[in-house]
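With chain X fixed as given, assemble chain H onto it according to the hints.
Each protein sequence line maps, in turn, to chains X and H. The end of the first sequence is residue 397 by numbering that gives the first Met the number 0, with every number in the run present. The end of the second sequence is residue 142 by numbering that gives the first Met the number 0, with every number in the run present.
Warning: the hint list may mix true and false statements.
[To be verified] Derived DSBU-like pairs: lysine-lysine, alpha-carbon spacing no greater than 35 Å straight-line:
1) X:Lys269 - H:Lys99
2) H:Lys99 - X:Lys28
3) H:Lys99 - X:Lys105
4) H:Lys60 - X:Lys113
5) H:Lys60 - X:Lys30
6) H:Lys60 - X:Lys105
[Stated by the list, open to error] Computed far set for chain X versus chain H, every beta-carbon distance over 12 Å:
7) Gly93
8) Leu246
9) Phe336
[Said to hold, decoys possible] Some but not every residue of chain H turned toward chain X, in silico, with C-beta under 8 Å:
10) Ile55
11) Thr82
12) Glu83
Calculated directly from the structure, the hints in this document are not laboratory data. All C-beta atoms in this analysis are idealised placements derived from N, C-alpha and C, irrespective of residue type, glycine included.
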Amino acid sequence: MKTANIFALLISLLLPGVAHYAEAEEEDKLKFSGFTRVVLGYLDDKNAEYVGYDNSISFDQQSLLGLQADYTFNDQLSLTGQVIGHTGEQRSSGLEWLYLTYTPSKALRIKLGKQRIPFFNYSDSLDVGFAYPWLTLPQQFYDTAFFSTFEGVLANYEYVFDNWVMNFEGYWGRYDDKIYLASGEIDTQVTGLYGFNTSAAYNNWTFRAAYNEGNANLTLPGAAQFVEVLNQFGFSQSAETLNPDGLIRFYQLSANYENLNYFVRSEVAKMVGESGPVPDIDSFYISAGYNFYPYTLYISYGERDVYYDHPANEIPYGISPDLDVLAATYESVLAGFPDDKSQGTKIGLRWDWRYNLALKGEVTYVHADKVSNDFALKDLGNFDGSAVLYQLGIEWVF
Amino acid sequence: MGILVKKYLACLVLWYFVFSTAAHAAQSVMVVANTGDQSIQLNRQQVRSLFMGGVIPYQLKAVALPPENHTRVLFNTKIIGLTESRIQSYWAQMRFTGRKRAPREFENETSLLQFLLRNVGATGYLPAGMDVPEQLTVIYTIP
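Here chain X stands alone, though its shape is the one from the complex (with noise of 0.2 Å):
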């Protein structure tokens, strides 16, 4: 799979024709675009592994290529698919969007599909390396959100006021698919989804707060079966902290300065699961960068706090044996929820060789005080916290 994904991406960077699509005729019915990236990386620590990259030169973490096409019945209503392929572990290859798009006025659109969730600012273009600045999207934020689809409808609509250019969107629907960890991958529900975000842009400044929802149900059967087990000894409150099902709520802040010669990019998010499994997540970045076209210098600094509920044990040991068997099975299984903590600060330079061609080079300081291993970042064994990721990268859009 990861050798046909590589051979695909090689033999579209190989085929000049197609970068020549954006300037075809726009009035085709029927359009076909497309973006690819090459992330060469390699970490600089034996012990540890980061974005999945270890200490040895790979391509096949972050590559990818994704295919869209845009069906216009008229100048209401299209239909649109895109679909990807990874490289990455970590990432399911397929399609991503399916949707309809209703635009009754050039202020309002309505989306119906399959999408992507807009949690965050780049949460709907993760995979279009070319759509920002960075060669990895600060870590520390951008590993929070666990699903990234949905399945409903979303509507947008845009406003104009003074010099103010205000837009509102909200959307509903559901999630049923796997939710990828580093530790492993999770059958997971999500129902009763819903967000909406507000922006607006004044003169070079542009702000975002949002606010989303969902219901989650995490397949997790050791951890059912033992709930089950914990509720028949009457030990509600510890089988309620291993209940995986619950409610998680995602609250972003972002505010973004830029002009000709600088930028300034920041998001702030607090992720909260209600249920014991799910952790709370605290996470920012800020970035700046200097503009000396076709060059884009760019320095980055993002945290992430991964806390999770720790109650205390209520059963108790030294009754039974079988009591002390449960005490100690459920300590063991919270042990599994382990706090996660780190900092990623990186420089990079973006040049923008050709109009739709971006070559990235990126350094990537990641310090963690608590390794979890279930983000980014995994101890390997003997990982005394720091680690450097190097990386080389091509981002084109045709």
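Just chain H, lined up with the frame of chain X:
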């Protein structure tokens, strides 16, 4: 002798006119629309919004010149206020998230002008100083 001096002066004036017009054109752009209402005037923020796919109070549709075009470079610098690479990355994000489409592009100013003349509501930018046919309206010029 007098005739020669007059011819020389006339050449000088013409040369000055052409040169100054060309020099002016190289430094400035105007936004031109095919609109029945010739009283329409936009401010810079509205022009920026129109060419970045946003909403404005008028039924206008933006068309553009290709990335390497000098008029486009001036337009990006003086009105949009972003580099070409930032504009390209903005449109990549808009396209692949199904939000907005970049304005249709024309090879050069002449073909863009022809399109403006044929399509009501079409709005494009041209070098300041370029002759604009009567049926088109200049809706914004850089102060």
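(message) Checking one constraint from the list: CA of Lys60 of chain H to CA of Lys113 of chain X, max 35 Å. Satisfied?
(response) With a Cα-Cα distance of about 29 Å, the restraint between Lys60 of chain H and Lys113 of chain X holds, given a limit of 35 Å.
(message) Confirm or reject: Phe336 of chain X is not an interface residue toward chain H, with every Cβ-Cβ distance exceeding 12 Å.
(response) holds (34 Å)
(request) Against chain X, run the beta carbon of Thr82 of chain H and see if the smallest gap drops under 8 Å. (result) Interface hint status for Thr82 of chain H: holds (5 Å vs cutoff 8 Å).
(request) Report holds or violated for the interface hint on Glu83 of chain H, using the least CB-CB distance to chain X and a cut-off of 8 Å. (result) Holds. Min distance 6 Å.
(message) Interface hint check: Ile55 of chain H, Cβ to nearest Cβ on chain X, cutoff 8 Å. Holds or violated?
(response) holds (7 Å)
(message) Between the alpha carbons of Lys60 of chain H and Lys30 of chain X, is the straight-line distance 35 Å or under?
(response) With a Cα-Cα distance of about 20 Å, the restraint between Lys60 of chain H and Lys30 of chain X holds, given a limit of 35 Å.
(message) Next pair to validate is Lys269 of chain X with Lys99 of chain H; report whether the Cα-Cα distance is within 35 Å.
(response) Measuring from Cα to Cα gives roughly 29 Å; hence the hint holds.
(request) Decide, holds or violated, for the assertion that all CB atoms of chain H are farther than 12 Å from the CB of Leu246 of chain X. (result) holds (27 Å)
(message) If we take the beta carbon of Gly93 of chain X, is the closest beta carbon in chain H still more than 12 Å away?
(response) holds (16 Å)
(message) Given the hinted pair Lys60 of chain H and Lys105 of chain X, is their Cα-Cα distance within 35 Å?
(response) holds (10 Å)
(message) Check whether the Cα positions of Lys99 of chain H and Lys28 of chain X lie no farther apart than 35 Å.
(response) holds (16 Å)
(message) Hinted pair, alpha-carbon criterion (35 Å max): Lys99 of chain H, Lys105 of chain X. Please report holds or violated.
(response) Between Lys99 of chain H and Lys105 of chain X the Cα gap is close to 10 Å, so the pair holds against 35 Å.
Of the hints listed earlier, there is not a single one the structure fails to meet.
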